[in-house]
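Protein chains: 2
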Amino acid sequence: MSQNALPGFRDFYPAEMSERNHIVRAWREVARRYAFSEYDGPPLESLDLYTRKSGDEIVSQLYTFEDKGGRLVALRPEMTPTFARMVAARANALRKPVRWFSIPQLFRYERQQKGRLREHFQLNADIVGEADVTADAELLALAVDIMKELGLASSDVRARVSDRRLLQALLLHAGVPEAQLGVAYGAVDRMDREKRGDAEERLAAAGVPADAIRFLFELARPMTADALRAEYGGHPALQAHVALLDRYFAHLEALGVADWVQLDLSIVRGLAYYTGIVFELFDRRGEFRAICGGGRYDSLLDALGGVDEPALGFGMGDVVLGELLRARKLMPAAAPALDYWVAADDEALLPSVMSLAAALRTGGHSVEYALRPQKLGRQLKSAAAAGAVRAVILSATESANGRATVRTLADGSERVVALAQLRATPGGYGVVRGGDGFADVR
Amino acid sequence: MSQNALPGFRDFYPAEMSERNHIVRAWREVARRYAFSEYDGPPLESLDLYTRKSGDEIVSQLYTFEDKGGRLVALRPEMTPTFARMVAARANALRKPVRWFSIPQLFRYERQQKGRLREHFQLNADIVGEADVTADAELLALAVDIMKELGLASSDVRARVSDRRLLQALLLHAGVPEAQLGVAYGAVDRMDREKRGDAEERLAAAGVPADAIRFLFELARPMTADALRAEYGGHPALQAHVALLDRYFAHLEALGVADWVQLDLSIVRGLAYYTGIVFELFDRRGEFRAICGGGRYDSLLDALGGVDEPALGFGMGDVVLGELLRARKLMPAAAPALDYWVAADDEALLPSVMSLAAALRTGGHSVEYALRPQKLGRQLKSAAAAGAVRAVILSATESANGRATVRTLADGSERVVALAQLRATPGGYGVVRGGDGFADVR
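Residue numbers (the numbering used here), protein chains in the order written: chain A, 1 to 442; chain B, 443 to 884.
Keep in mind that the hints are not guaranteed to be accurate.
Derived EDC-like pairs: lysine to aspartate or glutamate, alpha-carbon spacing no greater than 16 Å straight-line [said to hold, decoys possible]:
1. B:K510 with A:E347
2. A:K68 with B:E552
3. A:K375 with A:E347
4. A:K68 with B:E789
5. B:K771 with A:E66
6. A:K68 with B:E499
7. B:K538 with A:E110
Distance windows between CB atoms, simulated [what the hints assert, rightly or not]:
8. A:A204 with B:D490: 54 to 62 Å
9. B:D701 with A:D302: 54 to 62 Å
10. A:D346 with B:A714: 24 to 32 Å
11. A:G286 with B:S741: 21 to 29 Å
12. A:A385 with B:S597: 37 to 45 Å
Think of the hints as simulated: they come from the structure by calculation, not from any bench.
A virtual CB, placed ideally from N, CA and C, is assigned to each residue, including glycine.
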C-alpha cells in the first residue's frame, strides 16, 4: 500500500494541523469581531454550478465525474457559486446586508508543479446588499485585521487597491476606444509579467492610439489618492469616480488600516467578474504569490442565482499565508498540549491516578497518565516528552494522607498539596500558566 | 440554475452552522482534555486504500472515479484507512501511545432514503500502541465525557460494551463448533432485527447443536459484570476473559463513567475488524441509530499499513448526535453574535462610528454598524435584529464632549460614558455579559 497521499494533497500530522488551526482560529476570530456569520456548503456540487460562472474551459481544471445517479458533479474549486446558490435560495428572508464567511477546502486539478497543491483551505468573506464604498472599506479592513491578528505588520504586507469603474473611465478619457477596453485591461493586468514592447505592439494592432498606449503605461503604477485627485479630480467624466475613491480611503483611515493600503491601478483581477473596487494583499518583499484577493462583483449574483443585489467578497488561502508566517517567524510552535501528567510510585495506585485525571479533566484541564505500569522515572520522562506543564505524583504514603506532590516540569520545583484541593482546581480552556494558587500543605 | 445542493448533501446556513460548530467545539474540547492531538488527511484518496480494508464490495457505496492522471480515487468513506496510512508512514518516530483525533467529512453513495445523508462529519479518536484495557477504558471515557459536555446524562445515553474474545470463548464453551463461530456471531449481531425462529433454523442447518443455540439466545442480553463473574469467573477457559472485563469495569468506575455503561454481549460490530472490547453509544429511549461505535482492532494496522501495533478507536457522527440534542432540547440557539452596534444620530459622524467600531474590535468585541446613512431609530432596529447586546449611540453634541450613550438592548437602560474609556474596553472572546464596569459620567 502506498504510504503517501495523492499528489498535491496534504497530510496534516499534529504539527501541521496545529499550524492550520492557528490560521483558521485567526480567520474565525476576526470574522467574529466583524460580525460575519459562518456558513458552509457541500464540497461536491453539480458541475453546471461552475461552468455557468466560468464557462466550459474550467472543466479541464476540475475534479469532475459522473456520480452513480448519472449526475455530472465536481469537487468545489471555489466557494462563490455555492454562496450565490445559497443566498439566492433564501434571498428574501435574509437580513441585509448579508455578512457571511466560510472556510471551505477547495480543489483544482492543476498540472503537477513543484510545490503546487491541488487542494487548499480558503477563507471566503462576502457582503451582499450594500452598494456603497463603506462596505468595500469594511471588507478590506477585515482582511487587514486578519494580518494584524497573525502578528504581521504594515511593513510586512501591502494591500493594493484599484477601481474597475475608475480605470475604465480613465482609459476612455485617454482615448482608448470602447471596443478595445478588453485588450487594454489585459495589457494592464499583465504589465509586470510581459515585455512592454509586446504589449504596445498588440495594443497598436488592436487600434489603440499611441497617446492612449503611453497613458496606459503611466497610469498603471502605484500612486497616492492625493495625486489622483490633483490630476483627475476636476474632470467631469472622472470626478465622481475620484470622489468615490476618496471616500473609500477616508473610511479606511477611520477603520485604522490606511497605512496598509496603496492605490495601484494595475490590479485588474477577473475581468468578467469584478465591477468596482478590487484589491489584493501581498507580502511587501514580493517573495510570495498573493495572500488574498477580492472586490466588488455587483452583477454576479444575478447571473449565478437570479438575485439582483450588489455584492463583494474576498478569498484568502492557507498556503501562501502559512509560507509567509513561517518566513517571518510568526508561526507558533505547537503549544504544549498538556496541563497535567498524573504519575504514581506504585502500580496499585492506578485507580487513584485515573480518578484524579478524571477530576482534573472535569475542571477543564488536559491530562494524560501512563496506560501501563511503569517506574516513576519513566512516567516523568513521558510527562516531559508530552510537553506537560506539571506532573502530579501520587505516592503510597502521601496518598493515604490525602496529599500529592505537584512538580512544575520547567524548573523541577515541587509542592505538596491536598488531593481534595487538586481535584477541585478549576481549569480554563488551555494550558495552566503562571501561579496555580495551590496552598502548600507540607 | 438549481437552488439545491445535490441529494444527500447539506447546506449549512448560519443557524445550522452554529449547531454543527456546537458539536465540533465539544468534540475538540473533550479530546483536548484527554490529551488527544488533532490531525487530518485528504478527503480524496486512492481507491485501493479502501478496497484493501473492506474488499471490492465497498466500491458500490463510494464516490469513486478516475482522475485526470488516470488514478482510481475515492472520496473518503471513513477515516481509519487514512489514519493507518499516516501512522504507518511515521511509525517509528511517533511517541506511543499515539492519541490522535480528527473531524473529517465522510462520503457514502447510499441509495437515497428519506433523511439518509450521503455525507456527515465524524469525530475519529484512536489510540495506538497499548494492548491493555486501561486504553479501552480511557477511550470509552472520552466518548462518554463528550456526552456530558453536550449536557446529556446517563439517563439519556447508554454505552453498551462487549468483548469479542469473551464472546468467542463463551460460544466455544457452550459447544458452538469453531467452524460455525461466524454464523453464530451473525445471529448474535442480528438478534434484535431478526425472528428468533429464522436464526435458530439457520444455526441448526449450519450444524450448531441445539443446546448451544439456546445458550446463545440467553447470552446475548444485557447483564451485569457481577452476574458474568458469578457464572463464568471460575471456569478455566473463561476466567482470564472475565478478569479482563472486571478490570475494564473497575477502570471505568475510577474514570467516573461506570453509570453510563452496560455489558451487552449482543454488540458484535464489524466481524473482520474488531478483536477485543467493542462498544456503542445509544440514546436510552431507543429513538435513534447509534451515536457512536468503536473498539479494539489489534490486527488492522498491520493489515492496512504494515505496522504491528495494537490499536483501538471510535467514530461519532454529527447527524444522530444533532438529532438527539434537538430532541432533548440541548441544542443551544445560535448565540447573539454581536457585542456592540455603533449608531449615530448624524450622518456626518460616520468616521467616528467607524473609528469606535475599529477600537472595540481591537479590544476583542464583535461590532457592526449601518453601512449606509439611516435614521437613528432604523439603526437601533437593525441592532436589535442583529441580536446586539449593546448599542453605542454617538450624537453630535455628546460626541463633541467626548462622550457616548451605551444602551443595553435587553432592558433599554442607558448610561453616558467617556468615549476614551469605551475605546479602551478590553473584550473577551465572545459576547459581553453582565456588568461592563463603565463609569457613568453623566
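Cross-check of the supplied hints:
1. Between the alpha carbons of K510 (chain B) and E347 (chain A) the distance comes to roughly 57 Å, so the proposed pair goes past 16 Å and is violated.
2. A hinted pair counts as satisfied when its Cα atoms are at most 16 Å apart, and K68 (chain A) with E552 (chain B) qualifies at roughly 10 Å.
3. Distance restraint check for K375 (chain A) and E347 (chain A): the Cα-Cα separation of roughly 9 Å lies within the 16 Å cut-off, and the hinted pair is therefore satisfied.
4. Restraint check: the Cα-Cα separation between K68 (chain A) and E789 (chain B) comes to about 57 Å, which exceeds 16 Å; the hinted pair is violated.
5. Taken as a hint, the K771 (chain B) and E66 (chain A) pair is broken in the structure, with Cα atoms around 41 Å apart against an allowance of 16 Å.
6. Proximity of K68 (chain A) to E499 (chain B) is assessed by CA-CA distance (about 15 Å); at most 16 Å being required, the pair is judged to hold.
7. Using a Cα cut-off of 16 Å, the hinted pair K538 (chain B) and E110 (chain A) is violated, with the two alpha carbons roughly 38 Å apart.
8. For A204 (chain A) paired with D490 (chain B), a C-beta distance near 57 Å keeps the hint of 54 to 62 Å intact.
9. One distance hint, 54 to 62 Å for the beta-carbon pair D701 (chain B) and D302 (chain A), holds here, with the actual separation near 58 Å.
10. Between D346 (chain A) and A714 (chain B) the Cβ separation comes to about 41 Å, which falls outside the hinted range of 24 to 32 Å.
11. The supplied range of 21 to 29 Å is broken by G286 (chain A) and S741 (chain B), whose beta-carbon atoms lie about 54 Å from each other.
12. In this structure the hint that A385 (chain A) and S597 (chain B) lie 37 to 45 Å apart at CB holds, the actual value being about 40 Å.
Hint check: violations occur at hints 1, 4, 5, 7, 10, 11; the rest are consistent with the structure.
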